[in-house]
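K.L.:
What follows is the residue order along each chain.
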Amino acid sequence: MKNDISGEDRLDRVIESVKPPGDREYIENNLTRFLHILRHLGVRISSAEAVDAVNALAAVNMLDRRQVETAFLATLAKSPEDRVILDRAFQAYFVTPEEKAERTARQRQVREQEAQEIEAAQDELKYELEDAENGESKEVSVPLTEEEKKIYTRLPEDKKSRLRDYLKKQFQGNAVNNPEQLIASMVKSSLNYWKYYLKYQGDGPPAVDYTGDEGTDEILREVVEKLRDEEQLLYQDIQNIAEADMPTATALITKLSRKLATRISRRYHRSKKRQRLDLRRTIRYNIRYGGTMFSLRYKTKKVQKPKILLICDVSGSMAKYAGFVLQFMYGLSSVTEEIESFIFSEKVERVTAEFGKPLPFEITMTELINRSEDWGRGTDFNHALAEIASQYKGLLNKETFVIIVSDTKTINVEKASLRLQDLKKKVKDVLWLNTLPKKLWLDTTSVLVFRRYCHMFECNTLAHLDKIMRSEILK
Amino acid sequence: MELSIEQLKSAFEQQGYIADEEAVVTTYLALKLQKPLLVEGPPGVGKTEIAKVLAGVFDTELIRLQCYEGLDENKALYEWNYQKQLIKIQLSQVNREDRRQAVEDNLFSEDYLLERPLLKAIRAEKTPVLLIDEVDKVDQEFEAFLFEVLSDFQVSIPEWGTLKSRQIPIVVLTSNGERELSDGLKRRCVYLYLDFPNPAKELRIITAKVPEISRRLSLEVAKAVGYIRERLELRKKPSIAETLDWARALVALDADRLTPEVVDLTLNIIFKNKDDIDTFRQNLGPQELVASAANGTGVGKPGGRG
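These protein sequence lines are chains A and B, in that order. Residue numbering for the first sequence follows the working numbering, beginning at 1184 and increasing consecutively. Residue numbering for the second sequence follows the working numbering, beginning at 8 and increasing consecutively.
Chain A extracted, bound-state conformation (with noise of 0.2 Å):
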């Protein structure tokens, strides 16, 4: 270190020491944002991982990518899952500065038009309002929030003209009281059930909580949008599924329902710890060495496999995902015996039979569409479960879990709140597999309702399934 160190240079030293740490440019703050990034994009990294992933770097060539990436890999991402987003991101994080200045500019453009659109919207939403006092006519725009604004420029184009003309037309003129605040309120309704029918449209994108730092969501924004476009089967609206992609979702649908299944009904075996010697069986078997204890006999508990309790939703509301749901069916009958189904809109309907016979899948399917007067029609909870309780009580017990498949969509909300309350005391838990866009959660009082006596999970697209195999009370 140089010993004659002029005040200035210190004063340097000193405010780039302060500064936040994302401006200096050391490797160490390299990796901590780049950590930081894995971490919004849902990667869980540990400080012990990320002590691990520094020491790993020590141990590899730093100038050969690759094997930096291996080292990320290796300490970082525990999943096949995590290992796909992390190399994204590394894609994108560790780019040149030739690259990175490209992506700023992109992004600013987008940006910048989204901008323009939002002015636009500003402009277009403008409608004439007559003085009535002194006949003069001025220009009002209807007084909008950024949201709602922003709602405007997505809605298609032939939409947005029909709100302009409604504007255009339907008060010119018109002296009414208080006119603009009528009009305004008219618009804004439009646009909330825009905002409920663009928020259901929308394909679900991976989560990810964004930081607010322009550079870092840079990033972010980037490793989504490669996620997107490449796992789309995975985050896609099951609904939306084309025909062309449906053996392949159908394959993975298959596939995570036996999962489900062998996780729900694994069996475990209990330590000797936990076991009771069984003093007359050994006395028993030990006559043979003279009564010396030699073999002991413990008290076994048969632990019974769980059963599953499968509850599906094919009402009219359910329709466009009655694909999903049998699929989902169909998986879990092939793989587990101790299953018993059933199928429910204004009245229920046992289908164990159906799905127990070794058919494919497209037999059974016609099969049961043919038989059953169930499809498509109005949903009755209440009443579906008022039938299983009454009627199949045998299979409410302990050892029963209960899966239902539906978007919470009922009439007697309230009664079947009460059943479902009921049933989770009978049984040994109850998980809902919800279709519905958990984004509409908060705006429906049946979820609200339900969620309160059962383990709900928003489950539209292949990734959901797969995100609910992961979750705690499963393992």
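If you're looking for bench data, these hints aren't it; they were derived computationally from the structure. All figures in this text were calculated on a predicted structure; none of them were measured in a lab. One thing to keep in mind: the hints can contain errors.
DSS-like, lysine-lysine: derived pairs with alpha carbons at most 27 Å apart [stated by the list, open to error]:
(1) A:LYS1650 x B:LYS144
(2) B:LYS91 x A:LYS1482
(3) B:LYS243 x A:LYS1540
(4) B:LYS59 x B:LYS244
(5) A:LYS1650 x B:LYS244
(6) A:LYS1409 x A:LYS1371
One-sided and incomplete, this derived list gives chain A residues near chain B with beta-carbon spacing under 7 Å [said to hold, decoys possible]:
(7) SER1229
(8) ALA1231
(9) GLU1232
(10) ASN1238
(11) ALA1239
(12) ALA1241
(13) GLN1250
(14) LYS1261
(15) ARG1266
(16) TYR1349
(17) ALA1434
Beta carbons are placed, not taken as given, at the ideal position from N, Cα and C, and that holds for glycine.
Got chain A; can you put chain B on it based on the hints?
P.N.:
Below, chain B without anything else, positioned relative to chain A:
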């Protein structure tokens, strides 16, 4: 023994294990950081083999703990030989001259200890390779016990006190992903995912393991298997072991290239259940398989990330 990445790679090859760079670098990191190596992947891609090869490379003992549902500490760590202890007590009652205290001390000596794989690894003189196979099969309680042992490499036997290992064993854990392992266990390991090999790698494996095969046939076999894995949705995709069995079977049948007839005869070696054979016949068939393997369109996707 310290090895560089290149040395490890050539040592692997000397042992007849064809590994890509990622597998070598990851194994190297596990050795260097002295962490257990957790290998995941579908069945039959050479997960267990890594441990065997490492034992060969370092010329040391391979200690294997095969996991199964219900495996407990008694079977994994140690157990007192109850029957032998009982005989000793009985004998000492006959020979009254034995002093009581001495008998009691002796009862918990080395002679009465049944050493199980984990304890064996901890007490080994020379750094052993400890293979914990199919760790996803054990239950959670045991998993927690396992990662306690793996982080400290010490165990306590109440009658003896704490035993600490002389050196940290090379630990390889394998998992088929039947169950998600706990975060705690994963955190302590270096992770390697082995996927099915791409045709180029599989060709090298076939050539190394079945040297008597002709060049043309091995190329066609590698392509055909890659094509089957990529094209068909099977219950069980053919593993490397099945590829090798198939190659050996074809050599035994004196085939020098794939023909629909010979494929038809040997289907039972590639597919291990009737459903898969049916799927193959319906969706692909021997004709198309042979054609794709011969004209080179059947180069499956390379075993990439994930």
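K.L.:
For which of the previously enumerated hints does the structure constitute a violation, in increasing order of number?
P.N.:
6, 12, 16
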